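Asker: Hey, can you work out the whole structure from these sequences and the hints?
Number of protein chains: 2
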Amino acid sequence: MAKKPRTAITPTRDEDFAQWYQQVIKAADMAENSPVRGCMIIKPYGFALWENMQRIFDGWLKDYGVQNASFPLLIPLSFLEKEAEHIDGFAKECAVVTHHRLEQGEDGELVPAGKLEEPYVIRPTSETIIGDAMSRWIQSYRDLPMKLNQWGNVMRWEMRTRLFLRTSEFFWHEGHNAFETPEEAKADCLTVLGMYEKFFEEYLALSGFMGIKTPDERFPGALETYAFEAIMQDGKALQAATTHDLGQTFSRSCNIKFQGRNGEEQLAYTTSWAFSTRAIGGMIMVHGDDDGMIMPPRVAPQQVIILPFIKDNSDEILEFADKLASQIKDMELRVRVDNRDMRTPDKMWDAVKKGVPIRVEIGAREMENGEVTFVRRDIGRSSKETLSADAFLGKVQSVLDDIHDNMLERSKAFRDEHVVDGSNVQDIDNFFAKDNIGLVKVPVSVLDDAKLEEVMSKHSLSTRCMPFADDGKKVLIGKAY
Amino acid sequence: MAKKPRTAITPTRDEDFAQWYQQVIKAADMAENSPVRGCMIIKPYGFALWENMQRIFDGWLKDYGVQNASFPLLIPLSFLEKEAEHIDGFAKECAVVTHHRLEQGEDGELVPAGKLEEPYVIRPTSETIIGDAMSRWIQSYRDLPMKLNQWGNVMRWEMRTRLFLRTSEFFWHEGHNAFETPEEAKADCLTVLGMYEKFFEEYLALSGFMGIKTPDERFPGALETYAFEAIMQDGKALQAATTHDLGQTFSRSCNIKFQGRNGEEQLAYTTSWAFSTRAIGGMIMVHGDDDGMIMPPRVAPQQVIILPFIKDNSDEILEFADKLASQIKDMELRVRVDNRDMRTPDKMWDAVKKGVPIRVEIGAREMENGEVTFVRRDIGRSSKETLSADAFLGKVQSVLDDIHDNMLERSKAFRDEHVVDGSNVQDIDNFFAKDNIGLVKVPVSVLDDAKLEEVMSKHSLSTRCMPFADDGKKVLIGKAY
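Top to bottom, those sequences are chains Y and B. Take any residue in the first sequence, count from 1 to its spot, add 883: that is its number in this note's numbering. Take any residue in the second sequence, count from 1 to its spot, add 883: that is its number in this note's numbering.
The set of hints was computed from the structure by calculation and includes no laboratory data. Here the structure is a predicted model, which means the values were calculated and not measured. Ideal Cβ placement from N, Cα and C applies to all residues, glycine included. Check the hints yourself; a few may be wrong.
Said to hold, decoys possible - Here are the simulated BS3-like cross-link-like pairs (lysine-lysine), alpha carbons at most 27 Å apart as the crow flies:
no.: 1; chain 1: Y; residue 1: K1212; chain 2: B; residue 2: K945
no.: 2; chain 1: Y; residue 1: K1030; chain 2: B; residue 2: K998
no.: 3; chain 1: Y; residue 1: K998; chain 2: B; residue 2: K965
no.: 4; chain 1: B; residue 1: K975; chain 2: Y; residue 2: K998
no.: 5; chain 1: Y; residue 1: K975; chain 2: Y; residue 2: K1230
no.: 6; chain 1: B; residue 1: K1212; chain 2: Y; residue 2: K945
no.: 7; chain 1: Y; residue 1: K1236; chain 2: B; residue 2: K945
no.: 8; chain 1: B; residue 1: K1295; chain 2: B; residue 2: K1278
no.: 9; chain 1: Y; residue 1: K1206; chain 2: B; residue 2: K945
no.: 10; chain 1: B; residue 1: K1140; chain 2: Y; residue 2: K975
no.: 11; chain 1: B; residue 1: K1140; chain 2: Y; residue 2: K945
no.: 12; chain 1: B; residue 1: K1212; chain 2: B; residue 2: K1194
no.: 13; chain 1: B; residue 1: K1206; chain 2: Y; residue 2: K1230
no.: 14; chain 1: B; residue 1: K998; chain 2: Y; residue 2: K909
no.: 15; chain 1: B; residue 1: K1295; chain 2: B; residue 2: K1334
no.: 16; chain 1: Y; residue 1: K998; chain 2: B; residue 2: K998
no.: 17; chain 1: Y; residue 1: K965; chain 2: B; residue 2: K1212
no.: 18; chain 1: Y; residue 1: K1030; chain 2: B; residue 2: K1236
no.: 19; chain 1: Y; residue 1: K1081; chain 2: B; residue 2: K1334
no.: 20; chain 1: B; residue 1: K1212; chain 2: B; residue 2: K1236
no.: 21; chain 1: B; residue 1: K1334; chain 2: B; residue 2: K1362
no.: 22; chain 1: B; residue 1: K1206; chain 2: Y; residue 2: K1030
no.: 23; chain 1: Y; residue 1: K1212; chain 2: B; residue 2: K1030
no.: 24; chain 1: B; residue 1: K1212; chain 2: Y; residue 2: K909
no.: 25; chain 1: Y; residue 1: K1140; chain 2: B; residue 2: K1206
no.: 26; chain 1: Y; residue 1: K945; chain 2: B; residue 2: K1206
no.: 27; chain 1: Y; residue 1: K1236; chain 2: B; residue 2: K1030
no.: 28; chain 1: Y; residue 1: K945; chain 2: B; residue 2: K1230
no.: 29; chain 1: B; residue 1: K965; chain 2: Y; residue 2: K945
no.: 30; chain 1: B; residue 1: K945; chain 2: Y; residue 2: K909
no.: 31; chain 1: B; residue 1: K1140; chain 2: Y; residue 2: K1230
no.: 32; chain 1: Y; residue 1: K1030; chain 2: B; residue 2: K909
Said to hold, decoys possible - Across the chosen pairs, the derived CB separations fall in these ranges:
no.: 33; chain 1: Y; residue 1: P1065; chain 2: B; residue 2: L1270; range: 22 to 30 Å
no.: 34; chain 1: B; residue 1: D1205; chain 2: Y; residue 2: Q937; range: 23 to 31 Å
no.: 35; chain 1: Y; residue 1: E968; chain 2: B; residue 2: D1273; range: 56 to 64 Å
no.: 36; chain 1: B; residue 1: D1205; chain 2: Y; residue 2: R1144; range: 23 to 31 Å
no.: 37; chain 1: B; residue 1: D1205; chain 2: Y; residue 2: D1273; range: 39 to 47 Å
no.: 38; chain 1: B; residue 1: L1073; chain 2: Y; residue 2: D1273; range: 39 to 47 Å
no.: 39; chain 1: B; residue 1: S1209; chain 2: Y; residue 2: D912; range: 42 to 50 Å
Answerer: Structure, rendered in structure tokens:
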């Protein structure tokens, strides 16, 4: 029998996927739970990843004509009440601000004081407050389309939280656009969903399914919700981004009217769309292995890490490492020299667990020969190669691209291997009864089967989306985060 | 008698400075009040300015070794209670979260439900929550210095608000550093204050006074607060940025201990520092004139605006304008072609009110001659110049630099002309009794004069700082925002 390989993460994915996930985050030093119920602290290494994601996608949004702005953190209760379906969707998880100062209580402890006439909730999403602004800013068809976005924090009070995947406070961008016609609003949803797919594939190396949500999974108040659903290594789906065609729902409740080309006043058509720090959870569960995180190179906080093996001739080795680092920096790549006072194997494992795409090792021999030895994180030790420093510099960008391509290919292959075609409710039941992992794809007619609900409930399933690839004739069903 | 000149902003600065300020913001479309008490909406044009400020300063912070991270929006009451002086400073203006969901009340209206065992406040500042994280993250002197920063929103419930200057929710960066020794902490405060000065002068074209705050003006819990105080056109001071030497105040209350080089456990020395969206208010009040905003070129959302005079040959003129714009973009400058369907004078005044540094006008004659006519916003019509397009392109960067230099010079001259030396309390009283505008500088010994408080109170004055330039031997006193 083969000896169980030593892994940097315990438990392994097979042993306990949920625990493995938490341990990967801890080992990579990306985030931790905070003393505030359900709220996370995103640590510098995790936050640098989010900043890279933001910077890239923000540039795309600007190219698409979207303007960033900032709307209040708090939303008056009366705003939420305007849209019944919307408030039903969020009422159970709102942080409510009821007072505006603190006083010394009878026992000297601090107590809330200055009760507000109307309470506020911390925004769970901003349709109502942005819609209200749009109702003032939009007068005529000449003001349309109006494309607004904000990067920020939102709060949905969660009872069972998991870092990145489900936290009370999370970070996202939320786009809110308004148009003259329903066709433009729909096209906007599809265009932005396409931007998400491109971003997830070309930057996060995440493949997934693009499709339409079934009515029960729509955003509260939306006519139609479109989603990018990725599939994790445990076979569960993760809704990584959504775009919502809100029709005139919010323009009616927020009074977003404009004078049309025909001179008549009419309601605008609005959309909203977002991706959040959840996507980081998705990257971990798609790319990570039993040795920890594997960072997609194009958003990795560090693309190359240099480990100088410091012994006697440490000054020279450090100098060599620093020179190499500055040459890599000149190529606009993100590089770090790990010159901490630590054992080399500890540094090596630290780089592995953090998932740095390329690890460069420089010992006395490398330095003397003007060479570097490097290892790809996506492949591991078997990719080890020694090259002259110049040859390495000439190749480093293409190695990063290869790593990206390899990670995306893996993600696509996993996705394709974990979708099973079925034709009825029984097929769904059979698949999940056998502890298979993955999603089952059935004709949409199955949604009308009265027995579906029971089977979905039995296995804790939900509909994920009706993929565009199947012309909306089929629906993906499975477990989900 | 000279005819009163027509101005784009009513009232003028002389007529009513406070109203003028509000009208400049409105005319430049930078921000507006929201339906949420005291919270502003930063509109795209204002937010683009903030984004430019963030991008530049964030790069400097990273060069200084600061890492960005994200800490919870909410702070448990028990955390605030740890530091008595600190909570005294913020208790009167905290938004308090007491419930975590909404329910239908008896009359069908929404009411707060799910009362929290321990209320939270929305962070007014994050020393306590970041200090708590540092207490876990710092074990040894090897973990120091630790330099953390977050860009985000904070909330201090304000009763009398003014856009950018005083709003319940505002945006800032807050840096929180920890060191082994008090000397390093002090050096950090001075280094960062130097970065602020450089940033304000070289990017925002704002001059000011760097100095030490008097004890009554210190941050709650700080040993020493250092500030950059700018002076507005109405003679009032604006505290534009501060750095706080917190000594061991927060390391004691948050338990930030480390094993020192001598093997013994000791408390760290911490600092915190920030600038906020207030700085935008400062830029308006320093640079604006009776025709509206004047944007400092290096952070201006648009550095050049091109106004094509659209008549018969509009296609050709637009083409000419677009080509010029793309050539300007290639120089990494921010440019916009205003091709809206509007009267040209309206567009011109819009550009003036928004304070775009360079306005380019292209009519039929310019197009035919391959020329452009441009006007500097800081000087106005008298700077009007017509050049060949190529000559303009060769000169545009240096014109922007000239505008910056001119604005900074004006700001410096105003500052220097509006500080009056005094030697005692009577001098202060006399200066402000005569409706003079500006600050009075007196020897610090005046702080010990029992009559000072009465005079300060009579004229609504406060100490602003003890300038470094006077070796801390003098103190600036005046009105302030």
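Asker: Compare the structure with each hint and give your call.
Answerer: Against the structure, the hints:
1. A C-alpha spacing of about 14 Å is found between K1212 (chain Y) and K945 (chain B), which places the hinted pair at or below 27 Å, so the restraint holds.
2. At most 27 Å may separate the alpha-carbon atoms for a hinted pair to count; K1030 (chain Y) and K998 (chain B) exceed this at roughly 38 Å.
3. Using a Cα cut-off of 27 Å, the hinted pair K998 (chain Y) and K965 (chain B) holds, with the two alpha carbons roughly 24 Å apart.
4. With a CA separation close to 12 Å, the supplied pair K975 (chain B) and K998 (chain Y) stays within the 27 Å bound.
5. With a C-alpha separation of about 46 Å, the suggested pairing of K975 (chain Y) with K1230 (chain Y) is violated against the 27 Å cut-off.
6. Using a Cα cut-off of 27 Å, the hinted pair K1212 (chain B) and K945 (chain Y) holds, with the two alpha carbons roughly 14 Å apart.
7. Taking the CA atoms of K1236 (chain Y) and K945 (chain B), the gap is near 24 Å; set against the 27 Å cutoff, the hint holds.
8. Simply put, K1295 (chain B) and K1278 (chain B) have alpha-carbon atoms about 26 Å apart, close enough for the 27 Å limit, and the pair holds.
9. A distance of roughly 20 Å separates the Cα atoms of K1206 (chain Y) and K945 (chain B); the hinted pair therefore holds under the 27 Å criterion.
10. The hinted pair formed by K1140 (chain B) and K975 (chain Y) fails the criterion: a straight-line CA distance of about 40 Å is larger than 27 Å.
11. Between K1140 (chain B) and K945 (chain Y) the alpha-carbon distance is near 45 Å, which puts this suggested pair outside the 27 Å criterion.
12. About 26 Å separates the Cα atoms of K1212 (chain B) and K1194 (chain B), which keeps this hinted pair within 27 Å; it holds.
13. For the suggested pair K1206 (chain B) and K1230 (chain Y), the alpha carbons sit about 53 Å apart, so the restraint of at most 27 Å is broken.
14. For a cut-off of 27 Å, the pair hint linking K998 (chain B) to K909 (chain Y) is broken: about 32 Å separates their Cα positions.
15. Between the alpha carbons of K1295 (chain B) and K1334 (chain B) the distance comes to roughly 32 Å, so the proposed pair goes past 27 Å and is violated.
16. With a C-alpha separation of about 15 Å, the suggested pairing of K998 (chain Y) with K998 (chain B) holds against the 27 Å cut-off.
17. With a C-alpha separation of about 44 Å, the suggested pairing of K965 (chain Y) with K1212 (chain B) is violated against the 27 Å cut-off.
18. A hinted pair counts as satisfied when its Cα atoms are at most 27 Å apart, and K1030 (chain Y) with K1236 (chain B) qualifies at roughly 23 Å.
19. The straight-line distance between the Cα atoms of K1081 (chain Y) and K1334 (chain B) is roughly 69 Å, outside the 27 Å bound, and the hint therefore fails.
20. In summary, the hint linking K1212 (chain B) to K1236 (chain B) is supported, as the alpha carbons are separated by about 23 Å, within the 27 Å threshold.
21. Restraint check for K1334 (chain B) and K1362 (chain B): the C-alpha separation of about 18 Å stays at or below 27 Å, so the hint holds.
22. Taking the CA atoms of K1206 (chain B) and K1030 (chain Y), the gap is near 25 Å; set against the 27 Å cutoff, the hint holds.
23. Among the hinted pairs, K1212 (chain Y) with K1030 (chain B) is consistent with the structure: their alpha-carbon atoms are about 22 Å apart, no more than 27 Å.
24. With a C-alpha separation of about 44 Å, the suggested pair K1212 (chain B) and K909 (chain Y) falls outside the 27 Å cut-off, and the hint is violated.
25. For the hint linking K1140 (chain Y) to K1206 (chain B), the alpha-carbon distance of about 36 Å lies beyond 27 Å, and the restraint is violated.
26. Annotation: proposed proximity of K945 (chain Y) to K1206 (chain B) holds, straight-line Cα distance about 20 Å (limit 27 Å).
27. Only pairs whose Cα atoms come within 27 Å are accepted, and K1236 (chain Y) paired with K1030 (chain B) is accepted, the gap being roughly 23 Å.
28. With a C-alpha separation of about 23 Å, the suggested pairing of K945 (chain Y) with K1230 (chain B) holds against the 27 Å cut-off.
29. Among the hinted pairs, K965 (chain B) with K945 (chain Y) is inconsistent with the structure: their alpha-carbon atoms are about 44 Å apart, more than 27 Å.
30. Annotation: proposed proximity of K945 (chain B) to K909 (chain Y) holds, straight-line Cα distance about 24 Å (limit 27 Å).
31. Simply put, K1140 (chain B) and K1230 (chain Y) have alpha-carbon atoms about 25 Å apart, close enough for the 27 Å limit, and the pair holds.
32. Between K1030 (chain Y) and K909 (chain B) the CA atoms are separated by roughly 20 Å; this keeps the pair inside 27 Å, and the hint holds.
33. About 48 Å separates the C-beta atoms of P1065 (chain Y) and L1270 (chain B), a value inconsistent with the hinted range of 22 to 30 Å.
34. Distance hint check for D1205 (chain B) and Q937 (chain Y): the Cβ-Cβ separation is about 30 Å, which falls inside the suggested range of 23 to 31 Å.
35. E968 (chain Y) and D1273 (chain B) have their C-beta atoms about 59 Å apart, which keeps the hinted 56 to 64 Å range intact.
36. Distance hint check: the CB atoms of D1205 (chain B) and R1144 (chain Y) are about 25 Å apart, consistent with the given range 23 to 31 Å.
37. Range check, D1205 (chain B) to D1273 (chain Y): Cβ separation about 43 Å, and the 39 to 47 Å hint holds.
38. As the Cβ distance of L1073 (chain B) to D1273 (chain Y) is approximately 43 Å, the hint placing it in 39 to 47 Å holds.
39. Remark: the range hint 42 to 50 Å for S1209 (chain B) to D912 (chain Y) is upheld by a beta-carbon distance near 44 Å.
In this structure, the earlier hints numbered 2, 5, 10, 11, 13, 14, 15, 17, 19, 24, 25, 29, 33 are contradicted, and the remaining ones agree with it.
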